Amino acid sequence: MRILISPQGFKGTLPGQSAANAIAEGARRVFPDSYLDLVPIADGGHGSLEVLAHPLGASIRKSKVIGPYGKLVFANWGVSQDKKTAVLEMAEASGLVHAKKKHLDPWTATTFGTGQLIRKALDLGCNKILIGLGGSATMDAGAGALQALKAMLTGKEGNQISYGPRGLLDLEHVDISQLPESVLQAEILLITDVNNPLCGKNGASAIYGPQKGALEKDISLFDKALNNFAQVLDKDLGIQVNGIPGMGAAGGLAAGMSVIGAKITWGAKMICDLLKIDDHIRKADLVITGEGRIDKQTLFNKAPLEIAARSVALKTPCLGIGGSIENGIEELNQYGFFELEPTIKNTDPVPDFEDSYQKLVDASERICYKALNGGYLIIK
Numbered sequence: 137m138r139i140l141i142s143p144q145g146f147k148g149t150l151p152g153q154s155a156a157n158a159i160a161e162g163a164r165r166v167f168p169d170s171y172l173d174l175v176p177i178a179d180g181g182h183g184s185l186e187v188l189a190h191p192l193g194a195s196i197r198k199s200k201v202i203g204p205y206g207k208l209v210f211a212n213w214g215v216s217q218d219k220k221t222a223v224l225e226m227a228e229a230s231g232l233v234h235a236k237k238k239h240l241d242p243w244t245a246t247t248f249g250t251g252q253l254i255r256k257a258l259d260l261g262c263n264k265i266l267i268g269l270g271g272s273a274t275m276d277a278g279a280g281a282l283q284a285l286k287a288m289l290t291g292k293e294g295n296q297i298s299y300g301p302r303g304l305l306d307l308e309h310v311d312i313s314q315l316p317e318s319v320l321q322a323e324i325l326l327i328t329d330v331n332n333p334l335c336g337k338n339g340a341s342a343i344y345g346p347q348k349g350a351l352e353k354d355i356s357l358f359d360k361a362l363n364n365f366a367q368v369l370d371k372d373l374g375i376q377v378n379g380i381p382g383m384g385a386a387g388g389l390a391a392g393m394s395v396i397g398a399k400i401t402w403g404a405k406m407i408c409d410l411l412k413i414d415d416h417i418r419k420a421d422l423v424i425t426g427e428g429r430i431d432k433q434t435l436f437n438k439a440p441l442e443i444a445a446r447s448v449a450l451k452t453p454c455l456g457i458g459g460s461i462e463n464g465i466e467e468l469n470q471y472g473f474f475e476l477e478p479t480i481k482n483t484d485p486v487p488d489f490e491d492s493y494q495k496l497v498d499a500s501e502r503i504c505y506k507a508l509n510g511g512y513l514i515i516k
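According to our numbering, the sequence shown is numbered sequentially starting from 137.
Hints are computed from structural coordinates only; laboratory data are not their basis.
Computed from a predicted structure; not experimentally measured.
A few of these clues could be false.
[What the hints assert, rightly or not] The list that follows gives simulated cross-link-like pairs (lysine to aspartate or glutamate, EDC-like), each with its CA atoms no further than 20 Å apart:
no.	residue 1	residue 2
1	Lys371	Asp306
2	Lys412	Glu186
3	Lys264	Glu186
4	Lys256	Glu323
5	Lys292	Glu308
6	Lys286	Asp311
7	Lys286	Glu317
8	Lys292	Asp306
9	Lys481	Glu462
10	Lys292	Asp370
11	Lys256	Asp218
12	Lys337	Asp354
13	Lys147	Glu462
14	Lys506	Glu475
15	Lys264	Glu317
16	Lys360	Asp241
Taking the hints into account, I'd like the entire structure generated from these sequences.
Written out as structure tokens, the structure is:
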């Protein structure tokens with residue numbers, strides 16, 4: 137028997153490879169003689185660098201850049217063996233991982249460091265850059281990244297605007313005439329799992345602002361800043377970003393990156409294709425996937441659902457494990473999950489790493505027993 141184990145990271149507790157190892161340990165208790173094929177996945181959020189680096193044979197580098205709040209931080213990024221493709225996670229340079237919860241400052245948080253990583257990749261000779269957009273601390277619509285790439289974003293007096301949404305409120309003009317040719321010629325793919333627009337009730341500020349420290353009373357002002365950025369892009373460059381799905385990802389980074397020709401790609405599909413996940417599913421008799429929480433959001437471009445859908449198409453049963461599972465989410469079964477199993481109850485506290493690992497091992501064992509007794513396993 138062959139089992140494909142393909143989870144994404146369990147956010148806040150286990151990275152993808154650790155999650156896969158834990159699931160494998162539990163599966164081995166039920167199917168001791170099975171061959172276990174471990175292929176961690178991602179969808180553009182946390183863990184994408186680790187997952188993408190493997191098929192590209194990329195080496196991981198560490199660079200010092202300006203973090204979201206103006207202090208220097210170290211950011212990991214990857215470069216393929218031929219030095220033609222770079223893999224970035226914008227959270228490494230501009231993410232909440234660099235924030236202290238009591239000191240979030242969404243008004244000045246900048247993506248400048250992400251732009252610095254792009255420059256480093258281009259200076260190395262890379263002509264293709266993959267950027268995972270999850271986990272950002274910013275809502276500057278990528279303005280900081282553009283500034284790092286030598287774009288001029290100016291206010292009434294002709295001076296460069298300050299970092300963050302506060303600066304966007306003063307924005308009058310965007311000039312990209314000084315951008316290096318390498319920036320405009322590069323193929324830049326923005327990997328995301330959300331399709332929110334830049335502005336409005338489902339936009340970057342309204343949906344993601346609070347987790348970055350935005351106060352409810354200020355949401356409309358943040359939205360005004362992003363909308364001003366969109367209007368200036370349209371006026372000066374003829375680039376329209378308002379109302380386009382995905383432009384609200386990572387605090388609107390996709391909007392700013394559209395200035396340099398970057399394209400949005402849906403993370404789960406792109407990464408599954410790169411990993412040739414269909415080939416792994418075809419060889420498997422059972423597939424197990426999972427993530428930190430399985431809920432209604434799992435229905436929207438999330439990696440576990442992509443795995444389940446592909447498993448259905450290839451007539452292979454798929455099991456889903458969630459760190460927790462939203463009550464009443466049984467509808468996911470119609471999307472391809474034969475079984476769903478939580479590691480903890482919704483009322484339980486979030487466990488630490490060691491406890492999370494063991495709970496995932498135990499959940500894997502439980503769900504594998506369900507599969508063993510479910511009557512749907514067919515050994516290929």
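Verification of the hints:
In summary, the hint linking lysine 371 to aspartate 306 is supported, as the alpha carbons are separated by about 15 Å, within the 20 Å threshold. For a cut-off of 20 Å, the pair hint linking lysine 412 to glutamate 186 stands: about 16 Å separates their Cα positions. Restraint check: the Cα-Cα separation between lysine 264 and glutamate 186 comes to about 17 Å, which is no more than 20 Å; the hinted pair holds. Our distance criterion of 20 Å between C-alpha atoms is met by lysine 256 and glutamate 323, whose separation comes to about 15 Å.
Of the supplied pair hints, the one linking lysine 292 and glutamate 308 holds, its CA atoms being roughly 6 Å apart against a limit of 20 Å. As the CA atoms of lysine 286 and aspartate 311 are separated by approximately 9 Å, the hinted pair is consistent with the 20 Å bound. The suggested pairing of lysine 286 with glutamate 317 holds, with an alpha-carbon distance near 11 Å, which does not exceed 20 Å. Between lysine 292 and aspartate 306, the direct Cα distance comes to roughly 7 Å. Compliance with the 20 Å bound is thereby established for this hinted pair.
With a C-alpha separation of about 10 Å, the suggested pairing of lysine 481 with glutamate 462 holds against the 20 Å cut-off. A threshold of 20 Å between alpha carbons decides the hint, and for lysine 292 with aspartate 370 the separation of about 18 Å falls inside it, so the pair holds. Restraint check for lysine 256 and aspartate 218: satisfied, since their Cα atoms lie roughly 16 Å apart, inside the 20 Å limit. At most 20 Å may separate the alpha-carbon atoms for a hinted pair to count; lysine 337 and aspartate 354 meet this at roughly 13 Å.
In summary, the hint linking lysine 147 to glutamate 462 is supported, as the alpha carbons are separated by about 16 Å, within the 20 Å threshold. The hinted pair formed by lysine 506 and glutamate 475 meets the criterion: a straight-line CA distance of about 8 Å does not exceed 20 Å. Restraint check for lysine 264 and glutamate 317: the C-alpha separation of about 14 Å stays at or below 20 Å, so the hint holds. Proximity of lysine 360 to aspartate 241 is assessed by CA-CA distance (about 17 Å); at most 20 Å being required, the pair is judged to hold.
In the structure shown, no violation is registered for any of the earlier numbered hints.
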